[in-house]
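Given next are the chains, with one letter for each unit.
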Amino acid sequence: MSESSIAKRAPIGWRLRSRSTPYVFLFPYVAINLVFFLLPLIYATVLAFYQTNGPARRAYVGWSNFTFVLKDADFHKALWNTTIFAIFSIGLQLPLSLGLAMLLNAKNDRFKGIFRLAIFAPNLVGQVFVGVIFSVLFTPRYGLFNRGLQALTGWGLEQQWLGDSKLVMPAIIIAAMWMYVGFNMIYFLAALQNVDQNLIEAAKIDGAGPGNIFLNVIVPAIAPVATFVVVTSTIGSYQLFELPYNMLKNNGGGYGPSNSGLTIVGYLYQNAFTNGDLGTGAAVGWLLTFIILIISLVQIRIVGSVGSEI
Amino acid sequence: MNSLQIFVLVLAALFILLLPFSRTIAFKYGRFVLLLFVGTVMLMPFVWLICSAFKSTDAMSQYSFLPPVSKISSETINLGNFHTLLAPESTVQGPVTFWRYLTNSLFLASTLTIVSLFFSSLGGYALAKHRFAGRNLFMIYMLASMTIPGVVLLAPNFAVIWRLGWMDTYKALIVPGAVGAFGIFLFRQAMLSVPNELIEAARIDGCSEFRIYLQLIMPLVRPMSGAFCLISFMGAWNAFLAPNIFLQSQSKLTLPVVLNQYMGTYVQHYGVFLAGTLLAMIPPAILFFSLQKEFISGLTSGAVKQ
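Taken in sequence, the protein lines are chains P and A. According to this note's numbering, the residues represented by the first sequence are 5 to 314, in order. According to this note's numbering, the residues represented by the second sequence are 6 to 311, in order.
Hints in this document: simulated from the structure, not taken from any laboratory. This one's a predicted model, so the numbers in the text were calculated from it and none came from an experiment. Hints may contain errors.
With a straight-line cut-off of 30 Å between C-alpha atoms, the simulated DSSO-like cross-links for lysine-lysine are [stated by the list, open to error]: (1) P/K116 <-> A/K257; (2) P/K111 <-> P/K208; (3) A/K33 <-> P/K111; (4) A/K33 <-> A/K257; (5) A/K257 <-> A/K176; (6) P/K116 <-> A/K33; (7) A/K33 <-> P/K208; (8) P/K170 <-> P/K81; (9) P/K170 <-> P/K75; (10) A/K176 <-> P/K111.
All chains, please: the whole structure from these sequences, using the hints.
This is how it looks when you write it as structure tokens:
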């Protein structure tokens, strides 16, 4: 090792300084991590067993925060809404992202950069701003979405989206699709550009059709990126809050009529910060972590086994 | 049938007509039309937002985008929304204007970006180019910490910030966000490719470790720094949950929190908060267009092996 041989030749003071360097450079991370990650994480475990009224007052309640949440109809609603949202993110939005990436992944296209930018552009806007914009886009009669729908299909001008508890989740899914389809497309596009062109040429010479090439050459090649995108999308979907909370600001105070747009983080926010019970908030946080962990592990398992079969 | 539906039908008919002549040309045409459609749909809300910001409330309900040329006048198109938006509002802290919120957001986002750029790259350098006891264990800890969703920390962090006496201060937002595992890993990845010989040469010449980091390594990972700056700036600019929880004085609020408030205040005159949204989108857009290339390469560098 040349590094150590140089260290041996160097004077003692320099050597000590060099040895302590990584610790000094990593100190800010360690300090901040301890105070704002590890300590709160431990505290979250303690807090979950207390009922609090603001940060100052608390009383030990054992497991009753968890039993309360698990029996609470609002939590069931939130879990259901969030799961529906995650299913549509994975089942509808990701295939669309992949499809768009495949459309864009052509050689010698002058317009590629412009299309890529146009499709990616919504991602420059935060969830709050997207929420603000879509709260107006979905207005009956005047909203651009309603007018566009009317022009294309002849139906939908007067449709209440954010005021109808059945249509709140579809509206949120549509807004999220506009926002994130380009983001995931960038990942798929990068993966597609890394697919070995020789493999595709070889498959073509062997007489494979486009469907065959897609299943047997492209899918295995992009499987690692697809796993990454599926897992991160699920994790992101389960933490949905800012988009519906802002979109529904004037419909049910951020949660939609009869909580039709309530998400798990929304439920946490309600309990911890609107009602001031940080204990219940911590318990919901742990439940959500647990849900995300299990789903991610199952997904990695499934995609891993599919990948090994190919 | 309206003209839009006829237009769509004509486009589809053209594809079917082209198909028997040449499949290649037909598919090229189909691909272009599809992309054009998706691109238009994606950009439509932006065009609509720009038009809406300048429309009067009456014109807003009458026209989807801009009124026809004959109807354009100061009655329909004006700066009324901006006048309302930028007028000072009286608060407990005295009159506050929209510019104040814009400045707050700019200050917070740039401070967070600069601070986290410095600490993340410093940590990344230590992990990429230094050997020390427990390095692997440390990296496993960092990776594990990244898998814990941030929301679990929301309630306990509130208690920590409260106990520190940091409620209603920018410290509550800047310090916890000053450095994170994600940024450190991003920089570590980029710095691994810097040749060791270069660093050793600098050491032999008597360069201090900090100077090596600042003057040798940082210029070499400029693209990653660009990507990182954009990611952290946008994250801080768009942040809603933490500022909404920790900030209380009206004069300290950031744009996302204020726009959420305005949605309630101007429920009948949504042109006002749409104008605010438009203004709020300008700074990140400028940053994005100047750092676009770095951004996309930085985004995908973790997921795709080059």
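Exercise. So which of those numbered hints doesn't the model satisfy?
Worked result: Of the numbered hints given earlier, those the structure breaks are 1, 4 and 10, listed in rising order.
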